[in-house]
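We have chain A; now place chain B onto it with these hints.
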Amino acid sequence: EAGVAQSPRYKIIEKRQSVAFWCNPISGHATLYWYQQILGQGPKLLIQFQNNGVVDDSQLPKDRFSAERLKGVDSTLKIQPAKLEDSAVYLCASSSYIPGTSGGESSYNEQFFGPGTRLTVL
Amino acid sequence: GDSVTQMEGPVTLSEEAFLTINCTYTATGYPSLFWYVQYPGEGLQLLLKATKADDKGSNKGFEATYRKETTSFHLEKGSVQVSDSAVYFCALNAGKSTFGDGTTLTVKP
Chain A
1 EAGVAQSPRY
11 KIIEKRQSVA
21 FWCNPISGHA
31 TLYWYQQILG
41 QGPKLLIQFQ
51 NNGVVDDSQL
61 PKDRFSAERL
71 KGVDSTLKIQ
81 PAKLEDSAVY
91 LCASSSYIPG
101 TSGGESSYNE
111 QFFGPGTRLT
121 VL
Chain B
1 GDSVTQMEGP
11 VTLSEEAFLT
21 INCTYTATGY
31 PSLFWYVQYP
41 GEGLQLLLKA
51 TKADDKGSNK
61 GFEATYRKET
71 TSFHLEKGSV
81 QVSDSAVYFC
91 ALNAGKSTFG
101 DGTTLTVKP
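Residue numbers (my numbering), protein chains in the order written: chain A, 1 to 122; chain B, 1 to 109.
Because the hints were derived from the structure by calculation, they are not lab data.
For clarity, every value in this text was computed on a predicted model and none was experimentally measured.
Glycine included, every Cβ here is placed at the ideal spot set by N, Cα and C.
Treat the hints loosely; a few may be bogus.
To be verified - Only pairs whose alpha carbons sit at most 20 Å apart, straight line, appear in this in silico SDA-like list of lysine to any residue:
(1) K96(B) with L60(A)
(2) K96(B) with N52(A)
(3) K44(A) with E42(B)
(4) K60(B) with K78(A)
(5) K96(B) with L119(A)
(6) K44(A) with E16(B)
(7) K11(A) with M7(B)
(8) K96(B) with Q17(A)
(9) K44(A) with Q38(B)
(10) K11(A) with G41(B)
(11) K96(B) with P61(A)
(12) K11(A) with K96(B)
(13) K44(A) with T5(B)
(14) K44(A) with Y39(B)
(15) K96(B) with N109(A)
(16) K96(B) with Q37(A)
(17) K44(A) with K108(B)
(18) K96(B) with D57(A)
Claimed, not checked - Just a sample of chain A residues kept apart from chain B, beta carbon distances all over 10 Å, derived:
(19) K11
(20) I13
(21) S27
(22) Y35
(23) K44
(24) L45
(25) N52
(26) P61
(27) K71
(28) K78
(29) L91
(30) E110
(31) G114
(32) G116
Claimed, not checked - A few chain B residues facing chain A, derived, Cβ under 10 Å:
(33) Q6
(34) F34
(35) L92
(36) T98
(37) P109
Just chain B, same shape as in the assembly:
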């Protein structure tokens, strides 16, 4: 069946550091790929998405590129802020929705 594997957390960074959260997937068909974010005390919300190979999703300084050859969708940000502290979920949808287990990011001033 479909699956999503995220790098294990938690991840702690200093402000302005570079962020990478790895995500790899297995799926049949042509999945759409997503990163969702859950800020403390809030619900899940979309951060960015890509619907076909080589697409790059971007939002709020975050980016991720749909790599079909490596079945990956790694999340990156060049300079993190304290306000980026949250739980990040990689997900796919190929007719059925599958989420990773999430990566907790803490950014310290």
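Only chain A is shown next, with the shape it has when bound in the complex:
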């Protein structure tokens, strides 16, 4: 089974420029996540999609970041304009979803991560 694909793997830009990242999740995975991982910290969730709808984007800096998942498959994350503090690894992950049974809560499957895009803003 093919894993989560991301591109590009590395990107260097100057501040105030724009950049876009692409993610192709594992086939059949309804849930897609974008994370920002700053060196020495854990992944911070930016946005979570369920199919092509947004489940959570509370930590997405919406004045400069945007993301879309058209057709519920591939996704792109854009930064415009970039700031120095955006230098980080951007991770995409996908997972399948386990719906709740009658009277029970839903549970969540493991996430499969892509290799990430390392962004350097100069």
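Coordinates of chain B only, in the frame set by chain A:
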């Protein structure tokens, strides 16, 4: 909001030593709990998981038990190896995914 707190690292152990990495969480609802591992030069991958209270996840000699009463999911291994050197992340998912800051483990021969 949801949060995950991991014991601060880095942790350095000798081979065959016992390992515990503490993880506590706060969450609404009924989260699933996970430990992910990142080996040097590799991407994040699942180590083990538990989806309900009192479940024990296990893999590669590592174990963690979902303790609802103490809101904890501590990672343990009875005898670590040099190949276990990595960064370990505790995470939860209760509809929204939250990760801890990671604990770096170095195992010396």
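G114(A) remote from chain B - nearest C-beta pair above 10 Å:
violated, 7 Å
Between K96(B) and L60(A), is the straight-line Cα distance small enough, at 20 Å or below?
holds, 13 Å
Does K78(A) sit more than 10 Å from chain B, CB to CB?
holds, 21 Å
Is the Cβ of K11(A) farther than 10 Å from every Cβ of chain B?
holds, 17 Å
Just checking, Y35(A) versus chain B, shortest CB gap more than 10 Å?
Answer for Y35(A): violated, closest chain B Cβ roughly 8 Å.
Compare the distance between the alpha carbons of K44(A) and E42(B) with 20 Å, and conclude whether the hinted pair is satisfied.
Satisfied, since the Cα-Cα distance of roughly 18 Å is no more than 20 Å.
If we take the beta carbon of L45(A), is the closest beta carbon in chain B still more than 10 Å away?
Label violated. Min Cβ-Cβ 5 Å, cutoff 10 Å.
Need the status of pair K96(B), D57(A): alpha-carbon distance at most 20 Å?
holds, 10 Å
Between the alpha carbons of K96(B) and Q17(A), is the straight-line distance 20 Å or under?
Violated, because 30 Å separates the two Cα atoms, which is more than 20 Å.
Holds or violated: K44(A) to E16(B), with C-alpha atoms at most 20 Å apart
Given that 20 Å is the threshold and the Cα spacing comes to 33 Å, the pair is violated.
Holds or violated: K44(A) with Y39(B), Cα cutoff 20 Å?
holds, 19 Å
Holds or violated: K11(A) with M7(B), Cα cutoff 20 Å?
Violated, because 33 Å separates the two Cα atoms, which is more than 20 Å.
In this structure, the hints that do not hold are numbers 4, 5, 6, 7, 8, 12, 17, 22, 23, 24, 29, 30, 31, 32, 37, in rising order.
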